[in-house]
Every structure is written in C-alpha cells, then in structure tokens.
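K.L.:
Letter by letter, the chains look like this.
2 protein chains.
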Amino acid sequence: MKSKISHQLKLAKDASHALAYLSSSQKNTALYEMIRSLKKGKSEILKANQLDILKTQKMGKNESFFLRLKLTDAKINEMIKGIEQIINIEDPIGKIDNGWTRPNGLQISKIRVPLGVIAVVFESRPNVVSDVCALALKSGNAIILKGGIEATHTNAVITHFLKKGLENSKISQEIIQFLEIPKHEDIKILLKLSEYIDVVIPRGGKALIKMVVENSKIPVIFQNQGICHAFIDETADLEMAMRIVINAKTSNPSVCNAIECLLVHQTIAEQFLRKIGPQLLMNRVEIRGDRETLKWIPEAKAVCPEDYGYEFLDLILAVRVVQSIEEALDHISKFGSQHSEVIVTNSLENERKFLSEVDAACVYSNASTRFTDGGEFGFGAEIGISTQKLHARGPVGLQELTTYKYIIRGSGQIRE
Amino acid sequence: MKSKISHQLKLAKDASHALAYLSSSQKNTALYEMIRSLKKGKSEILKANQLDILKTQKMGKNESFFLRLKLTDAKINEMIKGIEQIINIEDPIGKIDNGWTRPNGLQISKIRVPLGVIAVVFESRPNVVSDVCALALKSGNAIILKGGIEATHTNAVITHFLKKGLENSKISQEIIQFLEIPKHEDIKILLKLSEYIDVVIPRGGKALIKMVVENSKIPVIFQNQGICHAFIDETADLEMAMRIVINAKTSNPSVCNAIECLLVHQTIAEQFLRKIGPQLLMNRVEIRGDRETLKWIPEAKAVCPEDYGYEFLDLILAVRVVQSIEEALDHISKFGSQHSEVIVTNSLENERKFLSEVDAACVYSNASTRFTDGGEFGFGAEIGISTQKLHARGPVGLQELTTYKYIIRGSGQIRE
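Protein chains in written order, with our numbering: chain A, 1 to 416; chain B, 1001 to 1416.
Because the hints were derived from the structure by calculation, they are not lab data.
Heads up, the beta-carbon is just placed ideally off N, CA and C, and yes, glycines get one too.
A portion of the hints provided could be inaccurate.
As the list claims (entries may be wrong) - Think about it this way: if two alpha-carbon atoms lie no more than 35 Å apart in a straight line, the pair counts; the simulated DSBU-like pairs of lysine-lysine are:
hint: 1; chain 1: A; residue 1: 334; chain 2: B; residue 2: 1334
hint: 2; chain 1: A; residue 1: 95; chain 2: B; residue 2: 1334
hint: 3; chain 1: B; residue 1: 1301; chain 2: B; residue 2: 1334
hint: 4; chain 1: B; residue 1: 1217; chain 2: A; residue 2: 110
hint: 5; chain 1: B; residue 1: 1217; chain 2: A; residue 2: 4
hint: 6; chain 1: A; residue 1: 192; chain 2: A; residue 2: 170
hint: 7; chain 1: A; residue 1: 334; chain 2: B; residue 2: 1010
hint: 8; chain 1: B; residue 1: 1188; chain 2: A; residue 2: 183
As the list claims (entries may be wrong) - Restraint ranges, calculated between C-beta atoms of paired labels, are given here:
hint: 9; chain 1: A; residue 1: 102; chain 2: B; residue 2: 1101; range: 33 to 39 Å
hint: 10; chain 1: A; residue 1: 104; chain 2: B; residue 2: 1254; range: 22 to 28 Å
hint: 11; chain 1: B; residue 1: 1094; chain 2: A; residue 2: 96; range: 21 to 27 Å
hint: 12; chain 1: A; residue 1: 305; chain 2: B; residue 2: 1088; range: 37 to 43 Å
hint: 13; chain 1: A; residue 1: 73; chain 2: B; residue 2: 1101; range: 35 to 41 Å
hint: 14; chain 1: B; residue 1: 1279; chain 2: A; residue 2: 96; range: 34 to 40 Å
hint: 15; chain 1: A; residue 1: 348; chain 2: B; residue 2: 1101; range: 41 to 47 Å
hint: 16; chain 1: B; residue 1: 1375; chain 2: A; residue 2: 74; range: 55 to 61 Å
hint: 17; chain 1: A; residue 1: 103; chain 2: B; residue 2: 1094; range: 43 to 49 Å
hint: 18; chain 1: A; residue 1: 104; chain 2: B; residue 2: 1094; range: 27 to 33 Å
hint: 19; chain 1: B; residue 1: 1217; chain 2: A; residue 2: 59; range: 32 to 38 Å
hint: 20; chain 1: B; residue 1: 1375; chain 2: A; residue 2: 304; range: 51 to 57 Å
Working from the sequences, and respecting the hints, build out all of it.
P.N.:
Spelled out as structure tokens, the structure:
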C-alpha cells in the first residue's frame, strides 16, 4: 500500500511544479473544461452514487448520512455552480504582497506562490471532490483526495470526469490524485509522507480531525471546536439582540459557527431573558441557565459546570448572567474555542473593548456569528475554517492555500 | 517537573492577554527600561558567565563552543544595541492587512494580533535571551526561554535583569519565563503543553531542531537545511559571478545561507572555471567537481553523488557543469532545500525563468545568497529563518511572530 500511495503522490508532486506558473486564464479555461466534462458525466456519476448507496444500505447508517451521500441532478448543478464561482474569484498567485529596495540596491519582492501539494482527507459528501479540486487548481496546487470509503464509487467517477476535463488543456491530469485506501488504518501511511505533501486538510467529524492531527507528520490546517458566545451588554438594542441570538443558535445548530452560550449583562437580564426565553423555547431550544436565568425563564434547566465550554452542536443553549463586560470577557477567554464571538451593544466603548480584547478568529459586534464562512466573507469558496493561529485563521479560502517567496534582484551585491 | 513547568507556562499565558493590546510606546518604554537594567546588571552577568565557563571547562568542549558561550563587555553592548534596533522597528500589532464591506453592510477587517505565547528552545549563545525577549515583547507575545544547560547561570541572570526592567512599567514580569530543565529529556514535557504555548522556535544545531520537531505537539517554526546553489548562466558577467560565488561560499561557510553547490553553463564553463578555480583554492575551498569541472580545475576532487544535496557547512563546494538552464532548475528542484538559490545572468529571459520557477524561500538574481537574513532584509532583527511553507517562510521577523483576527462590525445582520 505504501509504495502505491507514494507512487501517486510523486506523480502529483512532479506535476505540481508546472502548475505553479500557469496564467489565470489557463487555469480558468481548465476549470471550464472540468465543468463541461462534469455535465457530460452526470448520468455516470449518478449511477456510481446509486451503487454506493446500495452498498451502504446494508451498513445500517442513519438518514442524515444518506442525505450527505446521495447525489441528485440538483446537487451536481450546485457542484458546477461552485466551480463557476471559483472561476470568478481573483487568482491569488503572483500577487506581490510587499516590495522594497534596500540601501545597497537589492530589490526585494514578497510574492504569492502555491503551497505545492494539498491533501484533503474527507468524509461522505461527494461534492467535496469538485470543490477542492477547483480550489486547488485555481491556487496552483496539486491535490490528493482521500474520501470516505462509503462514497468510493461516486468520488472516483467525479474525479475521473474532472481529470478528463484537463485532457484538452496543457495541464497534466496527474495534478489530481484520487487515493483508494480501503483500510482506514492505512491513512496513517499517507500522513507520514511529508516529502510529497505540503499540507493536509481534514474535513469531517471530530474523530477524523483528531486522527489526522495526531498522526500527521505533515502540517495540518484544521478546525478544532466551535464554542461561540454571544454577549448582550447593558446598552444593547434588545430586539436586535434577540434576532441575532435566535439566528446564531437556531438557523443551523449543528455547525461550528452557531453559538453555544449566551452571556447577559445583569442590568438588562430580567427584561431580555423574559423576552427571549419564550422565543427560544418556541424554536425548541433547550435552555440551561444559571440561578439568575432560572428566575426569568422558569422553563430553563439548571446549568451544570460542564455545560460551559461545551460544543452542543444541537438545539441547546447555556445561559449566564454576568455582572460586567469584564466577567463576560473572562468567561469567553476561559471557555471559548477562539472561533467566533459576538457582542451586541450600543456602547462604542464596550464595542472597542470587546473587539480588541477577545482572542478569536472572528470577533463580531451586532451581527450573527453564522457569518463565519468563506462564502459569507466574500472569499467565493472555502476549503474549511481554521481555529489555529499559524498560517490560516478563520475561513480558509484561496489566499490561505498559498505561501510566499522572496524574489531578490541584485546587481552584483555581496555581503561584507 | 511537569507541574513546575505547567505553572510557569500558565503564568505566561495569563500575562500574555494584557500584553496583546499595549500601545507601541508602552512597549518601547519597557524595552528602554530593559536596556537600563541590563546596563546596571553588566558585572553580575559577566560574573555568572564566568561561573558557567568554569563549570564547562571540565566538560571538554571545543574552542568554538566557548567562543559562543563567553560574554564580554562588547557582547553585552551588542545585546543592548539589538534591543535598540527592535525599539526602532515598526510595531506590527494592530496593523490592518485588509478590510472590506459586504453587500449586506458587514464591515470586515483583518487585523494583526500577537500569537500569544512563544517558546524558544536554544543552545549556548546567551545573547539569544535578550534578542528573543525584545522581539517577543515588541510583537506583544509572552516568551518561554529554555536555554542550553551550559549557560544556565548566564541566561538566568540576563533574564533576571530583563524582567527587572519591567518593574517600573505596568507590564507583568510574568510575560518572561525562564525554565530550568536540567534533564534534556524533560524538554519533551514542555513540547506537549500545547494549551499554554502557541508556537515553538528551536534555535541551534540539527540535533536540537530534530528533537523539537519530532516531539512537539505545538506548531514549530524551524529551519531545516540550507542547501543553496549558484547557477552561472551563459550570459553572466563572469567577474560578478566570481565575486558572488566567493562571497556566498567563503564569507561564512558554517551558516545556512552559504552556497554548497555551483552550477555552471557549459558554454562558459572553461572560461569561468579556469578563472574561479584558483580563487576558490586560494580561499582554501575544497572543490568537488564533475568530469567537465575536473578538466578546467585539475586540483579539484571528483564529486560523488552524495555530494549533491549535501549541506557541508564548511569550505567545500560541489561543482557541476550543466547543458542548459532547465538542467540547472532540475538539479535545484531535486537537491535544493528551498532555502536560497541564485542565478547570475545578463539575460532577462533566464532571470525571469529562474526567479519564477525556483521554489525556495529566497530566489536571487545577481546577488549573494548570504543576504537571506532578517537584518539584511531590513526587518531590524530576526528570530530565525524558516524553510517551511506554512505561516513563515524565509527570515522570521516581528511580522511573522503575529497572527491575525477578523473583526466584523454589523448593525443587526443575521444569516438567512
């Protein structure tokens, strides 16, 4: 298995060099060809998907699993729309971040270049294949795909048609490598081959991310947890606060940018909690409140210490009444996961304090944390969200799939 | 040992929060106080250094080891000058990299913030202490110092006086933590405590870097090897080429930005090698050449395959005659370590090709690779050089000791 994987990775690595200095129009043309090829392949893709579904039905997976696995004509159209969006995003490669001339005349430019080879280890959703292939190509990177075993046929056929799209271009098909690794354990082989891969991006559940992070010898861009808070201060517009909290909690509770905990300033606690309590309950949210909260929302359960800093990913909300913005900041510093945090306020001073003091990828005032997303940020597409501090933080778009190099032009300078 | 280390790291982590939003003038004032304190402490520092030297003399270390360990009045003055330089560098914190307004009115800013807590694991040279403390403070980071056992007294006393300088400022002394870990093996404890440390930077020999990279659960910024090449093309000014090669090989052969291999285009091979051969030999450089090289430098030894891609860190130079720029690029791609590479040329086309196609942190035309250095780049100071592609590449200055966060200001936006 190791030699088979190594062989494919080497093909990708070798092909990645030429990819690094393609023009944007060459890359966009190739992306258009990929779309054409996907359109042609629709029925074959759906057939392969049917095969995966039949196989998986014997495995006793739940309904939401099948919802993720199942492709439809509409879903393939969405995949195509995704590639079109990536065509329209500005190419980050070749952008000069900075440039200056040294006193000795050396001209230094810091220029954006591709990372090289990106490996994406993902689960179930087959549309990931076209998304990440398009993102990788546009950012000048070769891509290694390792998908879930349940979607093997679907992923393989999608990859086939994407590669076929490259046939008419001068770009080597080897820039896309689809790995068939039937034994889960063998993914660890891939994660050790740092000579061929520049970065690994896991997309999937906690178990997958943990396995990748713990076993990888290659740098990993990943998202830890999303334990997001909303703090409603004493000056907040309570109507706005309610809209934001309801949206951040209930519009998609299973995602990382949903809030898990509500912090309310004591001054407005009675008024706000009396108001939002029934709304949350109406939206089937289980409220777990501290003693003060229970006073104003009698239907709430009593919070236990483990509920703070817990990622429910469900219609559950921990609620705490705080004495001051400092107490809210302390709570967030202690329990937050540095993902997304929001203050709802009408105080310039509190806004400034919150935005500057909270240490998180995305710090909001007066908006829902649900906007932490590559698309919503205007990146056009994202490959994931990072809660790390090095390299990429927050939504990971095309820009984050690049690195830089320094180009130094001289006229014979030597160092004394 | 673990609880002792954890305790110190927690102190640093807690103190780091306040450090994140100090003004530049507060940080510069503290740096001035550090200088004052170092000046006062001079004789005590020299005394401690004397103690370390006495202790180490029994250990049978070589002369260059003592040269690195020994402090003098002049060396302390250099440390002070280093801090002065850092005072004069622009503060990276708070800089807005980018900002835009979304169609829904959300205002997004990408703003530079400190990483948090940086740990530096280093060997012998005690001046590292003041350098990295000043760099960390200026970039708003707390710093964990783990130095070589041989320099324990010196490092401890320098740290003491740097911390004392903070006494008159409002900055907590806990932002600097000096770890006494007498057993080398126990460094591994430190490298697992990812909840307190954001990045580890090893400074020292290969063995140290390898140990840190292999054992760290914390992201590491490090420098792998420096296998740098100079390619002299057929259009090069041969006088300039000679100056550059001699400088890049001999001005400090033991450092990472010295060249290890010379590639010469066949068209000018006879003329250039006849010219540079005697010059290299006069500089006591051992030449290991291919068959073509041996024709024109009879004193050269025959190169063996392992000499290509080898980091000599010594007065040894591998030489190869190539048929074309493509062959030179292939050689560099195969044997280079993505550190620094140079072409000497008068051809615009070859310059463009080389600068765009070589995948390395620093790619030069017509200048010595020895300029790959934070100081020479104008960064004022550096904490090291990175051969990684993620986060930091090339010289690691203040900017690379920061991360970013997104600040998003809304007026009640929710996500549909």
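K.L.:
State for each hint whether it applies.
P.N.:
Hint-by-hint comparison with the structure:
1. A threshold of 35 Å between alpha carbons decides the hint, and for residue 334 (chain A) with residue 1334 (chain B) the separation of about 48 Å lies outside it, so the pair is violated.
2. A C-alpha spacing of about 26 Å is found between residue 95 (chain A) and residue 1334 (chain B), which places the hinted pair at or below 35 Å, so the restraint holds.
3. Straight-line distance between C-alpha atoms of residue 1301 (chain B) and residue 1334 (chain B) comes to about 23 Å, which keeps the hinted pair within the 35 Å bound.
4. A distance of roughly 30 Å separates the Cα atoms of residue 1217 (chain B) and residue 110 (chain A); the hinted pair therefore holds under the 35 Å criterion.
5. Proposed proximity of residue 1217 (chain B) and residue 4 (chain A) is supported: the alpha carbons are some 29 Å apart, at most 35 Å.
6. Between residue 192 (chain A) and residue 170 (chain A) the CA atoms are separated by roughly 31 Å; this keeps the pair inside 35 Å, and the hint holds.
7. Using a Cα cut-off of 35 Å, the hinted pair residue 334 (chain A) and residue 1010 (chain B) holds, with the two alpha carbons roughly 13 Å apart.
8. Among the hinted pairs, residue 1188 (chain B) with residue 183 (chain A) is consistent with the structure: their alpha-carbon atoms are about 32 Å apart, no more than 35 Å.
9. Taking the beta carbon of each, residue 102 (chain A) and residue 1101 (chain B) are about 37 Å apart, inside 33 to 39 Å as hinted.
10. A hinted range of 22 to 28 Å holds for the C-beta pair residue 104 (chain A) and residue 1254 (chain B), which are about 23 Å apart.
11. Restraint check, residue 1094 (chain B) to residue 96 (chain A): a C-beta distance of roughly 23 Å satisfies the suggested window 21 to 27 Å.
12. Checked against the hint of 37 to 43 Å, the pair residue 305 (chain A) and residue 1088 (chain B) fails, with Cβ atoms roughly 49 Å apart.
13. Checked against the hint of 35 to 41 Å, the C-beta distance between residue 73 (chain A) and residue 1101 (chain B) comes to roughly 36 Å, which is consistent with it.
14. Here the CB-CB span from residue 1279 (chain B) to residue 96 (chain A) is close to 37 Å, well matched to the stated 34 to 40 Å.
15. Between residue 348 (chain A) and residue 1101 (chain B) the beta carbon distance is about 19 Å. The supplied range of 41 to 47 Å is therefore violated.
16. The beta-carbon spacing between residue 1375 (chain B) and residue 74 (chain A), approximately 58 Å, falls within the hinted interval of 55 to 61 Å.
17. Checked against the hint of 43 to 49 Å, the C-beta distance between residue 103 (chain A) and residue 1094 (chain B) comes to roughly 27 Å, which is inconsistent with it.
18. For residue 104 (chain A) and residue 1094 (chain B), the hinted distance range of 27 to 33 Å is satisfied, since their beta carbons lie about 31 Å from each other.
19. The beta-carbon spacing between residue 1217 (chain B) and residue 59 (chain A), approximately 34 Å, falls within the hinted interval of 32 to 38 Å.
20. A hinted range of 51 to 57 Å holds for the C-beta pair residue 1375 (chain B) and residue 304 (chain A), which are about 55 Å apart.
Checked against the numbered hints above, the structure breaks hints 1, 12, 15, 17 and satisfies the rest.
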